[in-house]
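Q: Position chain B against the provided structure of chain A, taking the given hints into account.
This is what each chain is made of:
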Amino acid sequence: MTTSTALRHVALFYDDTDAVVTRIAATIEQDRRAGAAVLVCLPDVLAGAVSERIRVDDRITFLAADDRYARPVTAMHALWNFANAALADGASRVQSIGQISFDGSPSDDDWHWYERAVNDVFADVPLTATCLFDAGSVPPETLACAHATHAEHIGEGHTPGRCDVERLLPHPVGLPQRAADLALDEVTRPAAARHALGRLDDVLAPDILDRARLVVSELVTNAIIHGGGRADVRYWCEPSALFIEVADDGVGIDDPFATLRPPAFPVRGFGLWASHIEATRLHVAARHPHGTVATAQVAAP
Amino acid sequence: MVESYVLGARVAGRRPMFLNSDEATAVYGDRHITDPDGLLADFERQAADAVAEGYSGWAVVVDGTELVTTPEARASFARWEHLADRMFRSRGDIIALCVYDAHELGADAVAELGVLHQETLPDDTPFHLFAGADGVRLDGELDLSTLNLLDSAFAAVTSTTDGDVVVDVSQLEFVDHRSLHVLGRRAEAHGQHVVLRSARPMVQRLIDVGGVRHVTVAAT
Numbered sequence: 231m232t233t234s235t236a237l238r239h240v241a242l243f244y245d246d247t248d249a250v251v252t253r254i255a256a257t258i259e260q261d262r263r264a265g266a267a268v269l270v271c272l273p274d275v276l277a278g279a280v281s282e283r284i285r286v287d288d289r290i291t292f293l294a295a296d297d298r299y300a301r302p303v304t305a306m307h308a309l310w311n312f313a314n315a316a317l318a319d320g321a322s323r324v325q326s327i328g329q330i331s332f333d334g335s336p337s338d339d340d341w342h343w344y345e346r347a348v349n350d351v352f353a354d355v356p357l358t359a360t361c362l363f364d365a366g367s368v369p370p371e372t373l374a375c376a377h378a379t380h381a382e383h384i385g386e387g388h389t390p391g392r393c394d395v396e397r398l399l400p401h402p403v404g405l406p407q408r409a410a411d412l413a414l415d416e417v418t419r420p421a422a423a424r425h426a427l428g429r430l431d432d433v434l435a436p437d438i439l440d441r442a443r444l445v446v447s448e449l450v451t452n453a454i455i456h457g458g459g460r461a462d463v464r465y466w467c468e469p470s471a472l473f474i475e476v477a478d479d480g481v482g483i484d485d486p487f488a489t490l491r492p493p494a495f496p497v498r499g500f501g502l503w504a505s506h507i508e509a510t511r512l513h514v515a516a517r518h519p520h521g522t523v524a525t526a527q528v529a530a531p
Numbered sequence: 039m040v041e042s043y044v045l046g047a048r049v050a051g052r053r054p055m056f057l058n059s060d061e062a063t064a065v066y067g068d069r070h071i072t073d074p075d076g077l078l079a080d081f082e083r084q085a086a087d088a089v090a091e092g093y094s095g096w097a098v099v100v101d102g103t104e105l106v107t108t109p110e111a112r113a114s115f116a117r118w119e120h121l122a123d124r125m126f127r128s129r130g131d132i133i134a135l136c137v138y139d140a141h142e143l144g145a146d147a148v149a150e151l152g153v154l155h156q157e158t159l160p161d162d163t164p165f166h167l168f169a170g171a172d173g174v175r176l177d178g179e180l181d182l183s184t185l186n187l188l189d190s191a192f193a194a195v196t197s198t199t200d201g202d203v204v205v206d207v208s209q210l211e212f213v214d215h216r217s218l219h220v221l222g223r224r225a226e227a228h229g230q231h232v233v234l235r236s237a238r239p240m241v242q243r244l245i246d247v248g249g250v251r252h253v254t255v256a257a258t
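Note that the protein sequences, when read in sequence, are chains A and B. Under my numbering, the residue at position 191 of the first sequence is numbered 421, and the numbers go up by one with no gaps. Under my numbering, the residue at position 132 of the second sequence is numbered 170, and the numbers go up by one with no gaps.
Among these hints, one or two may not hold up.
[Said to hold, decoys possible] Listed next, the stretches of chain B that the computed footprint assigns to chain A, with coverage defined by at least 3 CB atoms under 8 Å from CB atoms of chain A:
#, region
1, 212-218
2, 224-238
3, 242-252
[To be verified] Looking from chain A toward chain B, a few residues come up when the C-beta cut is under 8 Å (computed):
#, residue
4, R419
5, L444
6, T451
7, W466
8, G499
9, W503
10, I507
To be clear, the hints were calculated from the coordinates, so they are not data collected in a lab. Every value quoted in this text rests on a predicted model; they were computed, and no experiment measured them. All C-beta atoms in this analysis are idealised placements derived from N, C-alpha and C, irrespective of residue type, glycine included.
Next up, chain A with everything else stripped away, as it sits in the complex (with noise of 0.2 Å):
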């Protein structure tokens, strides 16, 4: 018996969309009864169907799954931020019913990878997370890492291929094969990596130079506290995007899910978290021989 504070990861395999739909309805029933808060964040046809089947009251919520917020950062922000105001609200537990839409590209990197932080963010929380996947469309390396990344499965049928789920990792952030268009080394100050932004003024929409600013300005300051103290900057400018790389020589991040880890009170990781938030992608990692280089994408969303 699973104590009632510690997570529940279920993957929920299904090939039959009446009968996963009957199941939820039925789960979302007996969650209420319970005293459970439930987030629904399912494609819209699934959603609507769930939604005719259940007593829609301020326990149940519906999230759009909206493209344009559609990254682990996102869904990650929406699940911490949901759970953390339903169990201050008194729910018992907290019930989250989604479906990730795998679709073969490098992205399905990144959402596996969240699934993983999802186990280690949420590990003492009392938090339900069911996945859904469609296993009539999904690809079968998809499920096998489905099967590794949740503790619990339902749905027969399905032969688990092998996963590795360490090497479970988000892709990097793919930066133009062609030398850095600004290159600023050993900044001691995030305003000094802002300004040099100014230069890109006319080539680049207000939008994206104002998350870029963002973004640079935590990756510089956290360079600047936990990376020795300086960082070289380097931007490259693409039609519709800007890059920013950021490397330092300090100690490095010794943790696979730095930049999906919600930040926590007092005022601790906001900045890496907000920069991710920002950035169209964020990719961390370890630089040789020590240090950390932190690349983003910033482009229009």
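A: Only chain B this time, still in chain A's reference frame:
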């Protein structure tokens, strides 16, 4: 520089008044603005007299160095500056130039004084917090390096404002969640809320992501 400013005031048709350090101490009070309301009334009379005599207004040039030699004196002076700034702004016929001896005061004090003014010479002040059309205006850039400066500057605003503090951030080029926290905590300490006007879209996201309390973005 002061001479050219006085000349500029004359050319603009304002009657100039120059207070050197000793005179400023005599007018303002010794190291503490003892009667800000009386001083404001006196400034208004000076301006009204100048206008009655045919000038377009009044220009005051003050060497404030001796008024701001200690942190306590600077905190008191900052509150005065905001009260005076608001009165000047509402009238439109008074301009003021504050002169400080940077060598005597030191860099930290100069930075504290600089951010209280809309313009500074030399122009090396990271941000400016001064009276706006409605509430105060906050221009420039706020980040990790300006947290203490922002905290002391904003304390002078919250303590001289009744109710919510309206801040025009249309000319604020950069702000981080830490600085928004500083504004929120100062407001909270006075039982107030900060209302940001003309904020960029990212400011709302920083408030949400950073869990910033007591700060809201006004709908445009």
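Q: For a quick check of understanding: which of the numbered hints are violated here, in increasing order?
A: 2, 7, 8
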